[in-house]
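Each chain, letter by letter, is given below.
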Amino acid sequence: MIQKKRQKIKKIDIKKGKKSWLYSKIVKEHFFHPRNVLLDEKNYRYDGKGIAGNVLCGDIMALWIKVDPKTQKIKDCKWRTYGCASAIAATSMMSVMVTEKGGMTFKKAIDLKPRQIIKRLGGLPRIKLHCAALGLSALKEAINDYPKNKNTK
Amino acid sequence: MLFIDLPLKNINKIMKQIYLDYASTTYIDPCVLQKMKPYLTIGYGNASALYSLGRQARIAIEKARQEVAKILGASSQEIIFTGSGTESVNSAIFGIAGAYKDKGNHIVISKIEHKAVLESAKKLEKEGFRVTYLNVDSAGLVKLDELKKALNKKTILVSIMYANNEIGTIQPVKKVSKIIRRFRKDSILPAFHSDACQAAGALSLRADNLGVDLLTLNGSKIYGPKGVGCLYVNKNYKIEPLIVGGHQEMGLRAGTENTALIVGLAEALKLAERWREKESRRLRKLRNYFIKKTLKTIPHCQLNGHHRKRLPNNLNFSIAGVEGESLVLKLDQRGIAASTGSACTSAELTPSHVLLALGLPEGLAHDSLRLTLGRKTSKKDLEYVLMVLPKIVEDLRKISAIKI
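As given, the protein sequences belong to chains A and B, one line each in that order.
For the first sequence, the positions run 1 to 153 when this note's numbering is used.
For the second sequence, the positions run 154 to 557 when this note's numbering is used.
Some hints here could point you the wrong way.
Subject to a maximum C-alpha distance of 25 Å in a straight line, what follows is the list of computed BS3-like cross-link-like pairs (lysine-lysine) [stated by the list, open to error]:
no.	chain 1	residue 1	chain 2	residue 2
1	A	Lys75	B	Lys169
2	A	Lys28	B	Lys327
3	B	Lys438	A	Lys25
4	B	Lys551	A	Lys49
5	B	Lys169	A	Lys25
6	A	Lys42	B	Lys556
7	A	Lys28	B	Lys169
Keep in mind that the hints were calculated from the coordinates and are not lab data.
Whole structure, please, built from the sequences with the hints as guidance.
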């Protein structure tokens, strides 16, 4: 019996292993194919802008939103992130969440919790939980920025 | 050139794995494994036993000890086998501290030591020892004038690494030992310990020439097995054992000897020493080629560490605005195994203490990329990295909130 079992474990194929990637599949997908990245900042007209994070901890996020003035819903959410894979994926997922289904209302967006983003990402390692929180503080800043921009128009 | 116009999907199909993290660990050389095999199977005897199966193991261990001693220019009574490089370092630091605590309570180390040394020193600090952390210059060389000032009558140990694991800077170990010798005159204190785990296979390990009193080596960086290290302790010094519970290793490291690992370590060290000069020459050439190309093709990129006094296999860059973890994961997707000093990969969320000690701003420490070459690295591998890397850097800079 033992002999037979031994023969089975011939080779450890690291590449095909399910756990070969550090994070969840969804994190991987959003890291390699981030949604809603703002590439052309100059020609983008936004209603609110927010920045969160610092170089010290290694994550900085910048976020721009467009708002439907009638419904007060977020029409568009663009971002750019300097940081690790989970920071990039978390911002990407957040931008999807606030714009899907016709856009999120301000109230809902402000109430958004890091764990909701993490759940959608299929989980993040413990020490990466702050990555989701950072994106949200950038979003809150952008929402607070909105009335200012509205008045100047 | 082969891959240049192919979409990513196809690259994955035909790409091979390029391992560029040899400073982290290496594969086991087949010759080494061959030597180890008998002791993993039929030669399982306890080296302390009196019957022949045990005697065989004892003979193999003592032969290994002699081989290691020869390479270090030492006698075999001065070699202790341990469970890892980290254990050797711990044994050296706590061992000297324990044995000479009535002579003094001051220890000197550099700021860019491996965590094994740093944390050991910190632990001693908590126990009442005083520790001086020597600064390094922007290339990572220990400031020798600071060492001269730091030494005093209470100093019992100086621990400075031979070559750094992150930036590859080679320390002037001979100069350090001269300074220490001049200071101590007739005394044997302070003792000088050097962590040579990274230097093995690239630099001479002769303890007599280097003037070190304790020297740490391990198996996993020299194409030997993991889980084994050795510590050279000059016969004039005594150390207090870290692990007690048996008479093994002259009573300095208890626990039944792992014959296979010890034999593997000695064989790996022998081969590393045999190929040292030839392999170093080859790697140095590859390294210099890669540095030249990278600095040319990637804008806002700098080499960390010393340009000349550097391990032949070490490359460490800071690529502004490109966070290390993201970069490493993107390289992994292309089949390249690399490493970074970014905080995101450490549990404490602080960037590499080595890069910060060089005076690098936090940003650039997060943006570091370490590539370490080894026996299987070819120029073709590096050409592939040079082709892939600029594109990844460009992509990550595009989505970065920091604009360079």
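Could you work out which of the previously given hints the structure breaks and list their numbers from low to high?
Of the numbered hints, 1, 2 and 3 do not hold.
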